[in-house]
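*Asks:* Residue-level listing of the chains:
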Amino acid sequence: MHTRTITATLTALALSAVMATHAGEEIVVDGSTTVGPIAKAFAEYLMSQHPSLRISVSESGSGNGAKSLINGACQVATMSRPMKPQETLAAQVKGINPVAHIIAMDGLPIIVHPSNPLKGLTIEQARDIYFGRINNWQFLGGPNARIVRISRDTNSGTYECFMEMVMNKTRLANNVEYVGSNGAVRQRVMNTPAAIGYAGLGFVDATVKAVPVNGVMPTAATVLDNSYPLSRPLFMYTNGEPATGTFLHAFLTLCQTPKGKELIQAVGFVPLVEGGQQ
Amino acid sequence: MTPGTRFIERLFTAACYGALAVMVAALLLLLVPIFVKGMGALVFHGTVEYRRMRHELFDRGDGAQLAREQAQMQRAAQPMYAMLAEFEAALPTNPPAVRATQAAALRDLQQRLRVLLGPLPGEPQPALPRSQYGQTRWDRAQVKLHEVLYAEVWDYSNPDTMGQKMEVPRQEQFAGTALAPLFPFLQQHTRAILQPRLTCYWRFFTDASRDAHFFGGIKPELVGTLYLTLGAVLLAVPFGVLSAIYLVEFARDGLLVRVLRMCMNTLAGVPSIVFGLFGLACFINTMHVSPSKSVLAGSLTLALLILPTIIRAAEEALRAVPMTYREAAISLGATPWYAVISTVVPAALPGILTGVVISMGRAAGETAPIIFTAAVSVGQTLRIWDVLTQPTPVLSWNIYNVATEHEAVDEIRHVQFGMVLALVALVLLLNGAAIILRARMARALKG
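Protein chains in written order, with our numbering: chain R, 1 to 278; chain B, 1 to 447.
So here's chain B without its partners, still in its complex pose (with noise of 0.2 Å):
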């Protein structure tokens, strides 16, 4: 060995574990976050308001335990209201001038204590559960406060430039009046108020979600995204392994099966979004599959995705079992037939659960083909004999619908980080359950 040709195998393994680090740092990179942020859905400090929405939509929680907290929530805000109430009485003795212009300031306090604590004392409830509860979240709360205590304010003096965010302190609105100690009061007294409490909440994932993600879990998505899933890979893997027996065992090497190898590779590279379209026009507005999107036509249309990959995965399977094998079967008196379901397919299962599994992730993280054949943005969890007819929310598709289309996305992007976090580690767990059994097989095989 020359002194270069080492010196360039030093180089390519240097490159190797080069490539090899730069992968890792961006499999942390992509997977930390999306641990740590989607904890955020699970583990968090909830305050007493989340305490009090938890008891009256999903029925939790120790009752009597929560009236006490209520209670305190009630005498620690009970200077502040009491504030309100004066300046408010005071109004209409302030000179028609002043009055309109406080009465404004007043209505945008009072819209912002509303967001920050829930409805004020002796308001009727409101009919939507999100304007029900003030922040239950201690980190949104603390966003909240800051909105009650500084105004924004945009200076347009430069006409140059784009205006410069300011920020003026609201008591300044207030200075002179009942109102103006009420924000170092606010300021000191949020916690007292609110009464943080770290706060486990393992039922996102078995709770459906109320008022359009705002409260809740993302039990529907989850079950969704399982039922779509497996739905694909039901009705893909029979067709896909039979085809691939045919094409590997029993098809003559002629014009029909090249034809055909070249459609599959082909259909591998199509766009999601083009079976998509094609299951909607296809399973719903041609066959009627179900009445309006469903499960089963989000399913046949996954189907179809998936079903090159696993025809491919289970031809390389089948082409790397040995000839001998086959050859064993049929000296033994096994028909041709015989010899691959007893011998050459159980040899080749392993290989097969691989295309399976990999197909299976694709499956659950697919968009674009569910959007318009299965996919809903607010739904109820399905019961097993739903997936004919109805349409589900599915994980893939809700956390694009929360990060984008929805109304209130800076509000509840918990729940945004939450779902991807519950739609990786479904990915992972379906994949780690395929590597043990495939494990399992490969030993009883050898056995």
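Chain R on its own, in the form it takes in the complex (with noise of 0.2 Å):
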């Protein structure tokens, strides 16, 4: 009796194994919570149309992404930024080869709590306020209130893409709060009225605002022509080119076909446009 449910499990063991050398439509992504929502929307959609395919995402951070690539345990990794000439070289000296394919832009906005009365930042001001020379928002005009910074973590790609573009690659603040997602960003601002945050453009909604930067609000249209200074390209890294017909493939270019666009667009991003963007 216990011999044939030992054989009995032996077997089914052996049987899963062999099946799973046979699963073959299996797509994993890792990386940028920004990037997150879009590999989510596509996940979504090549699913419903292709029953047999799965997918995965996690949404661990831009620099998670990048390693989980670099370890080759994952087939895509969404990134916020570029991958830096060190991660490259970590990926070739492991025999990974690294391919940028720019899914979407994105525009960084700086929000704040809606009560805040600001009507706009110079990045200079953004600056000053992470650096911690401005303090309180009465020298920039409101009530005397504590500014309370918020920041992404060092993980994250959108935090490296605001302490290039912002902060000139300085420090921040010893009293930023770091949090972990462009979620967390939003709702930490949302519940603290002299709070300062940064995030994604599609994590922006109602209950937060927006404030111009250098008097250009993000929008579609001020990211696209690049007026608003903040403005990103949104990345997907794979090892080496997909080849065409893969289900990577189709996942990779969606975002080029008008079903991928729209997808791109109804979660808050800005598609890229027909010319390629510069």
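Please note that the accuracy of each hint is not assured.
FRET-style restraints, in silico, Cβ to Cβ [as the list claims (entries may be wrong)]:
1. A103/B / I102/R: 30 to 36 Å
2. F58/B / M217/R: 39 to 45 Å
3. A89/B / T244/R: 43 to 49 Å
4. G365/B / S48/R: 29 to 35 Å
5. N135/R / A21/B: 42 to 48 Å
6. K119/R / E88/B: 39 to 45 Å
7. R60/B / I102/R: 37 to 43 Å
8. M287/B / V93/R: 16 to 22 Å
If you're looking for bench data, these hints aren't it; they were derived computationally from the structure.
Using N, Cα and C, we set each Cβ at its ideal position, and we do this for glycine too.
Two chains, two frames, a set of hints: combine them into the complex.
*Replies:* Shown next, in the form of structure tokens:
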């Protein structure tokens, strides 16, 4: 009786090992929380078109996405910043050839609580706030309230973009509050009247207020013509070019199709226009 | 007994009852909202949009009945759409300055109506399911209705404080136009349009999610949690029990054993995120047990996490077996090894099982060890052979994901609460099953 159970278990295990090698159509996506909504929408759409396809999406941050691709633990790394030279190098050492695909544009809005009377910021003012030189909203024409600075954590591509485009790669003030995702930035700002934060365009809704930067509001139009100063591309990285005809190829090129563009718009980001993005 | 000691004794008794009362209150404070809010994912007032979604995405419900309801929705909303069309037709006749603001106000209103009722008549089907349907739940529909009726305006006139929120009836934006009557009409007829009905969605536990948890249920998360928990227990119990047997029955109390015990105690105190990072570095990046994150890697990590608990519980249980059992077995001619297997371990089994139960609950609820080794925010229900290679959504991690990272946290609170209910229920169920098993075993041993 017992030997029979054990034999059955072993057979089942062997069988599952065999079947595991045959299960083909699986795509593992890991990386940015900013690109997460796009990746999830693409996955939902492609899986509804092809029931045999199985896509899983993790949102653990751009840095983790890059590491995951370098270690061969995912097929697609979603990133809200380009790969750093040392990451590319680390990948090549491990025999991985990271190829960048720009899938959409993002505006990186600077957000405050809707009750904040702030009418706009210059890049310099934003830098002064996050550097710790401006500590109170009254220096920016607001009421007397201590500024609560919210930032993404250092694993985030959004953080790296902010450091580059706003902070000129200087450092952030010591009392900046780091949170783990774009959604968390929005919720923190939504619940804190004196807060300031930054998040991907798709995470900004009526519960927070995006302010004009250098006089320009972040919208699809200002992001596309680059007049919004904090515009940035969003990436998906793969190991080598995906072969035409594969689901992986379909996943990465979906952003160029009308359906893909509609999906990108539906989750609040800016689809690429024909003729490419400079 | 002096009056003084009696007083202290009474005080002590009172303190005990007080502590008990506080504990019960805390438990109720925790469990009642979990249950009540969690039930909101299962029992709610579903609108006609819910029934359309259920029919189209899950192929359920009576198609003919749905068609009748949709026709009624169409009829009930028709005057409103007529007002919209009339307003839109009149737009070009207005002076240019008014036209621009009115066009913007109309676009805004249309977008809000789409959110409430689904795509407007004649519009093409959107690609993303969440934009294909209006509000599927009556409670959310009322929130969205309020947003249609009232515009949120912030008054920044007082420079000494933050702005104050004011709600301005949207009707004022359209005063004197064809759209002015739309707002009272909508307020009166929303119920007739959306036709909310009490809905029991028991399949919440057995449906996969659609469109990143906007619709459907939590089957992939539930199954993933079960796989991970059972996997961790299956991996940890043999090693844990064997180690405990060695430590209690065979090891001589020397330096080595003392160091081993100390290491184990330290292991029990290591923060779970450290296990998570270790699992990532060891099982995935170095040993490559699977091509990506996987249930296997997650189970291995969780097994390490619960190993100390299992060893400690098993050790205590083995020690509690009276020496006479061993002596009796050996006096009957059993070898020490056979005495342990035939007599001591069965007698200790209920105690060992308690340790397993406790660690099972812990493994099911842990988040940090699986972030980097097993959990994803969106994925399919794994088939049993996928556990060796595929990552999975997991209740504990997805509760965190849906509560913080998700792009539409406020829209899908009910899913979050439903997941919490499912996780708590699952742990209770696992514990309950193990307690019953344990009781049976104890009875069998006595008899």
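*Asks:* Which hint numbers does the structure go against, in order from smallest to largest?
*Replies:* 6
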